[in-house]
Amino acid sequence: MTSTAAPLTGAGERMLALASRLFPLCRSITGDGVRETLREVAGRIPLEIHEVPSGTQVLDWTVPDEWNIRDAYIATADGRRVVDFGESNLHVVSYSEPVRAEMALADLRPYLHVHAERPDWIPYRTSYYTRSWGFCLSRNQLETLEDGTYVVVIDSTLAPGSLTYGECFLPGQSEAEILLTTHVCHPSLANDNVSGIVVLTELGAALSELPRRYSYRLLFIPGTIGSVTWLARNESGLSRVIGGVVIACAGDSAPLTYKRSRRGDAAVDRAGAHVVERSGGRILDFVPWGWDERQFNSPGFDIPVGCLTRSLEGEFPEYHSSADDLDLIGAERLETALQAALEILDVLEHDRAYRNLSPKGEPQLGKRGLYRGLGGPDPGTEQLALLWVLNQSDGAHTLLDIAERSGLAFSDVRRAAAALLEAGLLAEGP
Amino acid sequence: MTSTAAPLTGAGERMLALASRLFPLCRSITGDGVRETLREVAGRIPLEIHEVPSGTQVLDWTVPDEWNIRDAYIATADGRRVVDFGESNLHVVSYSEPVRAEMALADLRPYLHVHAERPDWIPYRTSYYTRSWGFCLSRNQLETLEDGTYVVVIDSTLAPGSLTYGECFLPGQSEAEILLTTHVCHPSLANDNVSGIVVLTELGAALSELPRRYSYRLLFIPGTIGSVTWLARNESGLSRVIGGVVIACAGDSAPLTYKRSRRGDAAVDRAGAHVVERSGGRILDFVPWGWDERQFNSPGFDIPVGCLTRSLEGEFPEYHSSADDLDLIGAERLETALQAALEILDVLEHDRAYRNLSPKGEPQLGKRGLYRGLGGPDPGTEQLALLWVLNQSDGAHTLLDIAERSGLAFSDVRRAAAALLEAGLLAEGP
Amino acid sequence: MTSTAAPLTGAGERMLALASRLFPLCRSITGDGVRETLREVAGRIPLEIHEVPSGTQVLDWTVPDEWNIRDAYIATADGRRVVDFGESNLHVVSYSEPVRAEMALADLRPYLHVHAERPDWIPYRTSYYTRSWGFCLSRNQLETLEDGTYVVVIDSTLAPGSLTYGECFLPGQSEAEILLTTHVCHPSLANDNVSGIVVLTELGAALSELPRRYSYRLLFIPGTIGSVTWLARNESGLSRVIGGVVIACAGDSAPLTYKRSRRGDAAVDRAGAHVVERSGGRILDFVPWGWDERQFNSPGFDIPVGCLTRSLEGEFPEYHSSADDLDLIGAERLETALQAALEILDVLEHDRAYRNLSPKGEPQLGKRGLYRGLGGPDPGTEQLALLWVLNQSDGAHTLLDIAERSGLAFSDVRRAAAALLEAGLLAEGP
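Protein chains in written order, with my numbering: chain X, 1 to 430; chain E, 1 to 430; chain Z, 1 to 430.
There's no promise every hint is true.
[Unchecked claim] Computed from the model, here is a short list of chain X residues facing chain Z with C-beta under 8 angstroms:
1. S358
2. G361
3. P363
4. W388
If you're looking for bench data, these hints aren't it; they were derived computationally from the structure.
All residues carry an ideal CB built from backbone N, CA and C; glycine is no exception.
Could you build all of it, start to finish, from the sequences and the hints given here?
This is the structure we're talking about:
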């Protein structure tokens, strides 16, 4: 694997195109929206689809009934639709049970949700584990509703079926696995989390073409219940998992963010922090709030899974509203996030300790063509990287240790190690 | 023990009232002023009074002769008192030997002490271990003295007697003891240290009504020689003492201060830092200067005793002068200091490790009534505290560890643990 | 050894005088310029001169042929010297092979080097390990050269001979050695590094008159090849070396700098950081760039050798140019650097752990004449130092540990320990 951008040619456009196809689908934690989403992903990378029956006990949880929806609306007595699922799938509270009723506006009001701050945005609401129903609409829309009786229809089914998730396994030289996951349970919300789905898809495509030291397992799962289900079904193999990254909210305008795992200093945390810090992004400590990292980092598993995002949940004003649409995400931002993910994996793939084979004094680099001739005061990055690798390669320090201590980029340190290896001045292993 | 303010109703007023009774007494490191002080304290909490004879060898020190004073003055030849002990007990250098003489002002001058900075304040001076005598007066007063001969009288006794200290023992479930001490050797100085005496007294009253995991030993002792004496007489029991707090200067307007013990990271230090930091106060590292913590933290004992104060010794301009009077201390400040002391002890009492009984993935809080329904982006303190306790309760992290890592208040973390315990999701012990 | 300035009387002037004699010499990594330099040093301190034949294999390097130069110039066809080695030895690229030719200006240009930024400065260039030749001149000078043919002469020899270095060994009570080194390979450059040579010389003179716990070995060596050669020839004795300091660039106007060794927390690093930090200087972490510390700190040796300088290489604009002349260095700056070096060694010499012989409570200092009588709030440095030494002397903390924790100067802590030792309150050893 290299960290060059080569395998990414056109990645931004490909991701945006996939995002456009995924955006309209009405995803939830179960149902056909997830299946259609996974079919799109499977068009780009090999994906195994799993169906887990409703009622299956998974850890402390139970796989819920499957939810599907065909239509929903609020109409005036004369049949005019004033709120229409056909216009936005956010209009219906996700997992709403079927309804077919005539109601006075006053009775309907408790089932209507508006955005707390913006009068023109439709909020996004769910009620997965408590049977309920409801509509979301903009406050402006609500204010146009006149008193009177309305026809209220939610043409949904909430019945035994299955929970669906997708898994892409890319074997490497080692059985040791790295998990890469994203949640696929949100309907028409672009940044959270169509952006995560398209970046993980493209990351899988890039990884599949690279030599791999580690094995990679990409999970496209509904939030919480999806990771809980996967963990329950794969508990016996978890000892192979050395870490992972949740990818989400990758398309908005915030700088990149790496949120550490519960352990805080796992290999993936150090790689994530190194790459994101150098990109001008921010590093956050673990909190047991967020996405599926909560489940992987629970104390009974303690798998070091960090999080690569731009905004965190709730940090951008459009979060969980109709304003989180395709205009919010950009090709270049998706590409930078993808690039960061590849660089993090590049660190994990290539971090190792070397031994300086000429450890007493500095070896004479000049006679090996590794030293500049008539020199000035500033050694330059290339020269410094050679000297740092030689100085620290006593078998106890890895390339990432050296990058952290020297302040140089991992890629520069890695390049220096390659040159020294070729010159016979370095050997692998402690 | 709870950290609610309930047991403190009226505490501020009670403390001020006791302060008013204690303020006029002429305390020193021995003598009747200490005895009267301890009698006042014994009116509020059960107090055992100890008398240790002069000449007793205590560690590297010897209990000195007992000092008592009835009267003292400087008078003109015609009998007019120009400096009068009756007006302020600060006028006489503490432990002054008896004097009865006529002296020219020029000869008297070396025995007269004024405040270095303020012309209207009387300084406070002592000469415990070097036989001497002297008067303290304001510079303004000194300047009114005309040349001539003065009658100088100190009607004191300095003779074998005893050193007096008070001890209040409150047994708990465990034999492990926490020391709470204050010095009782200063005459009419309100902040240093009538304030410490009244806060410790009220703290004892509050503790006596609470269930106690630990045993508490409250010491009302003269500075230095008192703690040295107590340590010498109780050396065999010191292994039971797990830490302690010196309380002093609790009434002035400075923010709360916790000064760490020599160890710096003892349980009491972490509890003290947590509580005082969250109150907006400051945390200071140990220095071997201050009050009786110097003796407890000496290397041969190394008992982790911190210090809860507002100003430190010497930090407020009125320190050790007649301006440190009752106007300097306030009921609300005394109460806040008392509250902080109770909260520190609350942390010590309730800090322990729990085990998450559903450690794989997050348990489904919703079905146990611990999860909010239709939720927005911000989990809120209560929800976060539940998740932090679940995430960290692997038996290795205590509630205080969790509070420190999460940035939440110990009281919030403790409340979450209680809810999870009740829901059967948590068990005590590692 | 004491840290008083007494042994340094006149040191600044002596150093400046030696600098004036050393400045004109044409030093390089071998040759007579080094020999004359060492002869001057040997006039002040006992110096053993070593000659190592060209061709000797030293670690990964080979001692090069010896270079000497008598004359060099560029002259017009009519014999007018337009560039003349007699005016500045910087005019010739160090280690230039002999040349005697007539060349058109156009053909000569690739052999002419000017300063990148300043038109009036002559740069300093070398070509030790690649046979080459060249002239350095100011850009102003270059611009006056008219097209035409020039006579080019470098009357040098580059032939088997030897590499020369000087060694001054000052035995102490212990065989454990401290290395003190400076590079002697630069021609007429005052700060880098005539200043280092004169400070190390005067430091040797001062050390020779002081009692010594450790042994000291002062090395006056050509850069890189000199330390490589010394290391190769002394490998069997390196286990005696507990650390060292490279001294260089000691005369410019920058504040003092201590650059840590590769280990970062060796005794010499802690001493260097303590002294330089308190002098208002800066502390830098190790980088494998700089002077001979690169060789000592290579992983196969890992000898903790730090660096005491003012500017680092390349940090002052005059670096490696004709502007680095005697005007750049000052007697007082050289003296302050010397003083800092002596103080660092003073810390190493006197840092040790003591035991408080009265560890339970504070011993009564007053009865031993160590306590002030009628006191105010501020204990003062002397009193605090006594209390810190007593409090921390449990055998586990050395005087430097105490100085670091207390924020007091090592010299104050050391003075307190001496007073307590004399009072019978302290004993040596853990």
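Here is how each hint holds up against the structure:
The beta carbon of X:S358 comes within 5 angstroms of a beta carbon in chain Z, closer than 8 angstroms, and the hint placing it at the interface holds. Interface hint at X:G361: satisfied, since its Cβ lies 4 angstroms from the closest Cβ of chain Z, which is below the 8 angstroms cut-off. For X:P363, the interface hint holds, since its Cβ comes within 8 angstroms of a Cβ in chain Z; the closest pair sits about 4 angstroms apart. Given the 8 angstroms rule on beta carbons, the hint for X:W388 holds: about 6 angstroms separates it from the nearest Cβ of chain Z.
In summary, the structure agrees with every hint in the numbered list given earlier.
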